[in-house]
Structure formats: structure tokens, C-alpha cells
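Student: The hints should help you fit chain B onto chain A, whose structure is shown.
For the protein sequence lines, the chains are A and B, in the order given.
Residue numbering for the first sequence follows our numbering, beginning at 96 and increasing consecutively.
Residue numbering for the second sequence follows our numbering, beginning at 96 and increasing consecutively.
Bear in mind the hints are in silico, worked out from the structure with no lab data behind them.
Among these hints, one or two may not hold up.
Because identical chains share one entry, a pair is satisfied inside a single copy or across any pair of copies.
[What the hints assert, rightly or not] For lysine to any residue, the following SDA-like pairs were computed, each having C-alpha atoms within a straight-line distance of at most 20 Å:
(1) K101 / E163
(2) K426 / P415
(3) K397 / V348
(4) K421 / P143
(5) K216 / Q323
(6) K328 / P188
(7) K328 / D190
(8) K328 / G209
(9) K426 / P143
(10) K101 / E151
(11) K328 / V187
(12) K220 / P257
(13) K402 / K426
(14) K421 / L146
Number of protein chains: 2
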Amino acid sequence: MRTISKAQAPTLSPLNIPHRLLLGPGPSNAHPEVIGAMNRSPIGHLDPAFLELMDEIQSLLRYTWQTENPMTIAVSGTGSAAMEATIANGVVPGDVVLVGVSGYFGDRLVDMVGRYGADVKKMTKPWGQVFSLEELRQAMTTHRPQVLALVHAETSTGARQPMEGVGELCREYDCLLILDTVTSLGGVPIYLDEWGVDLAYSCSQKGLGCPPGASPFTMSPRAQEKLQRRPGKVANWYLDMSLLGKYWGKERVYHHTAPTNMYYALREALRLLATEGLENSWERHQNTVEYLWQGLESMGLKMHVEKEFRLPTLTTVCIPEGVDGKALSMKLLQEHNLEIGNGLGELAGKVWRVGLMGYNSRKENVDSLLAALKQVL
Amino acid sequence: MRTISKAQAPTLSPLNIPHRLLLGPGPSNAHPEVIGAMNRSPIGHLDPAFLELMDEIQSLLRYTWQTENPMTIAVSGTGSAAMEATIANGVVPGDVVLVGVSGYFGDRLVDMVGRYGADVKKMTKPWGQVFSLEELRQAMTTHRPQVLALVHAETSTGARQPMEGVGELCREYDCLLILDTVTSLGGVPIYLDEWGVDLAYSCSQKGLGCPPGASPFTMSPRAQEKLQRRPGKVANWYLDMSLLGKYWGKERVYHHTAPTNMYYALREALRLLATEGLENSWERHQNTVEYLWQGLESMGLKMHVEKEFRLPTLTTVCIPEGVDGKALSMKLLQEHNLEIGNGLGELAGKVWRVGLMGYNSRKENVDSLLAALKQVL
Chain A
96 MRTISKAQAP TLSPLNIPHR LLLGPGPSNA HPEVIGAMNR SPIGHLDPAF
146 LELMDEIQSL LRYTWQTENP MTIAVSGTGS AAMEATIANG VVPGDVVLVG
196 VSGYFGDRLV DMVGRYGADV KKMTKPWGQV FSLEELRQAM TTHRPQVLAL
246 VHAETSTGAR QPMEGVGELC REYDCLLILD TVTSLGGVPI YLDEWGVDLA
296 YSCSQKGLGC PPGASPFTMS PRAQEKLQRR PGKVANWYLD MSLLGKYWGK
346 ERVYHHTAPT NMYYALREAL RLLATEGLEN SWERHQNTVE YLWQGLESMG
396 LKMHVEKEFR LPTLTTVCIP EGVDGKALSM KLLQEHNLEI GNGLGELAGK
446 VWRVGLMGYN SRKENVDSLL AALKQVL
Chain B
96 MRTISKAQAP TLSPLNIPHR LLLGPGPSNA HPEVIGAMNR SPIGHLDPAF
146 LELMDEIQSL LRYTWQTENP MTIAVSGTGS AAMEATIANG VVPGDVVLVG
196 VSGYFGDRLV DMVGRYGADV KKMTKPWGQV FSLEELRQAM TTHRPQVLAL
246 VHAETSTGAR QPMEGVGELC REYDCLLILD TVTSLGGVPI YLDEWGVDLA
296 YSCSQKGLGC PPGASPFTMS PRAQEKLQRR PGKVANWYLD MSLLGKYWGK
346 ERVYHHTAPT NMYYALREAL RLLATEGLEN SWERHQNTVE YLWQGLESMG
396 LKMHVEKEFR LPTLTTVCIP EGVDGKALSM KLLQEHNLEI GNGLGELAGK
446 VWRVGLMGYN SRKENVDSLL AALKQVL
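This is chain A alone, in the form it adopts within the complex (with noise of 0.2 Å):
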């Protein structure tokens, strides 16, 4: 046997992660129930076991986006895996495909449509605001696109795009519909299928109240037609959804190991989801963001979005003159274990993001963040 270098292996002790309370922009932290539920051993990717836990992942997804879309499953990846696959599925080389940017995450899908050949057009609005379906049609009427991609929950802005009318208007113009609904999926209402979205997109670490690694993804039978008719293969194998349909469906098709555990925490966290129910869910959410705003406003600070398109699942405070946003985020995690988020782009040093989201979403939590606040403001 040859000579087996040491030079990269540090001596270390078992894992020891400090306990923070995550109130930035995800990931938040899980439900107890949820971290529990990946404590046991993983089982195979084709055991009956594991194609029955998958059914009701499909199931609980469903409920929680009020979709009928068969193709509504969990992708093995974090939520921009998610993001990929639906720009990945629902575009083809050459579609002009509309962003609405005003945030950093519109600004991403222009990145990952234009890499799947797209002629990306871009409408774009200062951070923090909103598209007004005026100005959408007005969009959709110059460019005339084949894809519209639109964030439903902007977590760099924490703003919330309206979209009554929205899929009416795409089907007008015979566009698809793209919705990122990463910060708002459990926490905020989203009715899919009355709004006519095509694709959606989420995360598994923020309103569902689970930790992140599997992510959920749907699409409409419209888009699953443009893809049976699409020339050549999806650009990307492992978020091809010819191909995971044919494991998520009937065949039962190897395609690829999904990340059993993930699974396992992502079908109790839908499951405890739909137990409370999503109106009262949502409700909760709500509730506990006004609490925020009213003691934020109490201590003198401002939101950054018009209080009518606020997410109640995030929140952009503004940054007081004279205040090192960054050194006091850093404080408030040091010395009391709790995360907020920093601005991003064009919102960088000017507020800081407050997520309460999920299992956070409680008054207690906005009690311990508010008076870690005053402590170190």
C-alpha cells in the first residue's frame, strides 16, 4: 500500500453548532418534531416504504400550494435547485422569456434564464416595490413573451407581488408562468391554480418549518405539454422532469438517490402544516408580523416596503442614520445567538432582514428579538 498523506486531515471533536435563534432571512429554525423525524436510518430510493412517503409529499405539496398538478414533487436540492428546474422544464432555447426584477432574486432568474438560451427581457422597479398588472400588460404587449418570471416573495425586499389577473393575462398573450414562491410557501396565501402560475418554485427551510435540502417544485399540465413537445433534452439531467416524472409517477424509474432524510423531515414538517391548517397558518403569520411592525415602530424604526405589499414572513427594516447595520447584526448574533439578515444589492447597508417564518413565526420570538434590539441599538 502506498503512502497515505495526513497533511489534510485535522484532528477534530464530534460536531459541536452553537444554538441560534434564526429570525433572518432563512434558513428559520425547525419544527422539533421535524428535526426529529430525521433521526433514523435511511431506507432505498425504491423500497415501498419510501414510494409511499413520496405519494404524500406529492399530496402535502399540493394542499399547501392549492394545486390539482400531478407533477408536484421535491427536488433534491435546496430551493435554487428548485428555481433551476422550473426555468430548466419551462423554457426553450430561443423563448423570450419576461423577468419582473426588483430584487436580487429577479435579477438571478435573468441570470438562469439566459443560460438556458433565452432572450431574457427585463422589467425592472427600484428594490422593495412591486409590478402593477397595468404595468405587466404593458410589458407583455411590447415583448411578447413566451415565459413571464415573476417573484411572488421578494427576500431581498420583503415585498409582495399581487398577482390577481396575473395568469389571466398570460394566457392572453399564451405565456407560461413562472412564480417564485420561496419565502412565501405555508406562510402567506397562494391559491396556484386560481392564479393560473405554470411553475412554482420553494424552499423546504422557511414557511414549511424544516431544515433546507429538499425543495418543492410544480408544474401545470400546460407546461408539461411544452415540455413532452420540446426539441432536444432539457439542458440539465438532474432536474430533467421527463425523467423524474417517470420516478415520481407510475413507472417508479430509477433516476437518481433522493436525500431520504430530507424527505423524511419535509413530509413531517407538510404534515404538521396541514394539521394546523393553512388558513390558520397563514393567519398566525400575519398576526405575529404585525406585532413586529408595531414594536419596531414603538422604537422609532421604519419599514422599507408600503405597508400593503409587506410580507408578513419578511421584513426589511430600515437602518437607522448612523447605524453599522452589518457590526450590529454580527453584535446580536454573538452576544445573544440570534440571526437577522443584512441587505442585499441595492438594499445593502440600508436594512436589515427580519424573517419570522414557519415554526418562528411566534410572539415570543419577536419579544426576544425586540429586546436584544434595544440592548444593542
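Tutor: Just chain B, lined up with the frame of chain A:
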């Protein structure tokens, strides 16, 4: 509030997963300490404590692969995602890519490489055989590829590709070398730098004794230079190493949310492996599999692969004349909670696949399998 459809909300009990002894092609049972490591709350993907954990994973992966490659990371998906990452980053559209195919995963490489715009050339051999250095040289001379892709450990056949001299050959032809080490990392001797491998991938749920969901990836400085020189962006955002390098490297620029709890598990699995010592793990795998082969032979069963090229991690066992292989493996699962794999592709109906990997590579598991096999045969 509009009506919420409950049509897709099944009333479910808490999760109930049977305990299986996983002696198939993977996943394998994870080490109990590794499972336990996931049993904690997520932390932020930019938390200093998490960044330290990422550094530890990088070092431990370098040790496990015996490489000094700076760009050695865990991909946020299962092994197939890491596989696709080597191609997305190592292949430029128009490249001639030579792929050695003597099993299912060689064919998958061909499929993936085609999706990234390469001119794919296949070298084929019957499933279960390997390529000699002379055969590789001839194919290199014929095709003059920019990339050679080989499978070190073919999970579908149980054959081990000898790697001596292949790296030198690739340098002679100024060609990058991609190596699939999904079923070898941790359990089979690998000397990545000595072998001159430029891009390699693996999974967590086999030789490393971890659940699936975070997957080793490495690329050499030579491959990184090609990535820097490439015209246009990598055709895959989630797996783009030019972006991921800025998150795993010194810049710490946010790319996507990591599957935090999977990283906890992977770190612990790698730490336990380093504590055991690579050479001891390799020896344990070899001793355990030889004990299996003896046991099977004493039952009159035959192995599919020539002894010289058999993997210590995965064995293909010929199904005796007149036996329904699939019915037998289903019986093992249902009556003995014991999973073995069925044959794929050319070997469907001809072999079973028995894995003894990571934590599962122990003689008592061989005893359990042999006892169960005797009962059902």
C-alpha cells in the same frame, strides 16, 4: 379569505419508517453518530460557525480523496448532482469527450455530456469488464478528446477500473480526466493526485456512511484554469463552480442556501473515517467482502466480475438458473427487512447487487445476509 381546498390534504399519522438493513447499491445505513449529528437546529449559511464547518469538510474530503485540490467541496444534492457538476464545469460546448462505458453509469455520463454540448465518443465493453491502458491509449489516439471520463467503481456491475497510467496518458494528450468515485470513496483505495485525476465526484451514502444529500466534488488547478478561460457562463447556475468557489473560498459570497443538516452529517462521517484511518477503512472493506465471497461460493453462488477487478464495496452475484431474482429480493425486504439490489440494464434479471459500504461493511452483516439468503433460496 377564499376557500381552501382540502382535497389534497391526507390525514396522516406521524412518520413511521421500517428499519432496514441496507445491503444494496446504496443508500447504506449511516453510522448512528452521523444520524445523531443531524438532530440539531439548522444555523445560517453565513454564520461563522457554519463557515468553519465548511472548511473542515473541505480538509476532510481532501484527505479522503488524497488530493491537495483547493476546490474540493460538497455539492448541495445527491451524487448525480456532483456528477453533473464535473461535466458542467469541465466540459466546454464543442469539446470531444471520450467516455468509457461498461455499465449504467458510463451510459449516464454519455447522456449528461451530450446535454452540455459536447461531441461524445463512446468506448464500450461488456458490463462488468474494465478498460486496459492499451485500449484507452488506442481510443485516445483515435478520438483526441479534450476530456476523458471514466467510472472508477461501476455501481451497476461491481467492477473496479484500474487507474495506473491513465493520468499520464491524459497529460500526454492534453486532456482532462473525470473520474466517478461514487462507489469507491472511503472504501476503495484512491490516490487522486497521484492518479492525475482532474475532476471527481462521489456521494455521501456509500463508503462514507452518511445519509444521501450532500456530495463530494473536487477539481484540480488544471481544471480550474479551463473553467476560468471558458467562453460564456457555465450552463448550470446551481452547480457553477466559479460562483460556488466564491462561497467556499475566502470571499464567502452567498450563492445558495446549503443543506445545513446534511453538512453536519457529512462532517461527522468524514471525521469518523479520518479517526478510523483511510487505510484501515480500505482494509476493513476488503476483509468483509472476501468473507462475503467465501460465504456465497460455499452456497454454490458465483460472482459476475473477475476476481482481480471486483470492488470491495459492491458485488454482483449471478442469479442461479430458475430463480426469479426480483421476487427473491422483494422477499428479503419484506420478510427479513434486508435490502439488496437488482440488476440494471444489461445485467437486469442476471445479477443481484450486494453492497457492503461504510458503516455496513461488517462481518455480522454478511452473516445476516447469508442466513437470510439460505432461507429464501
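Student: Checking against the hints above, which ones are violated?
Tutor: 3, 5, 13
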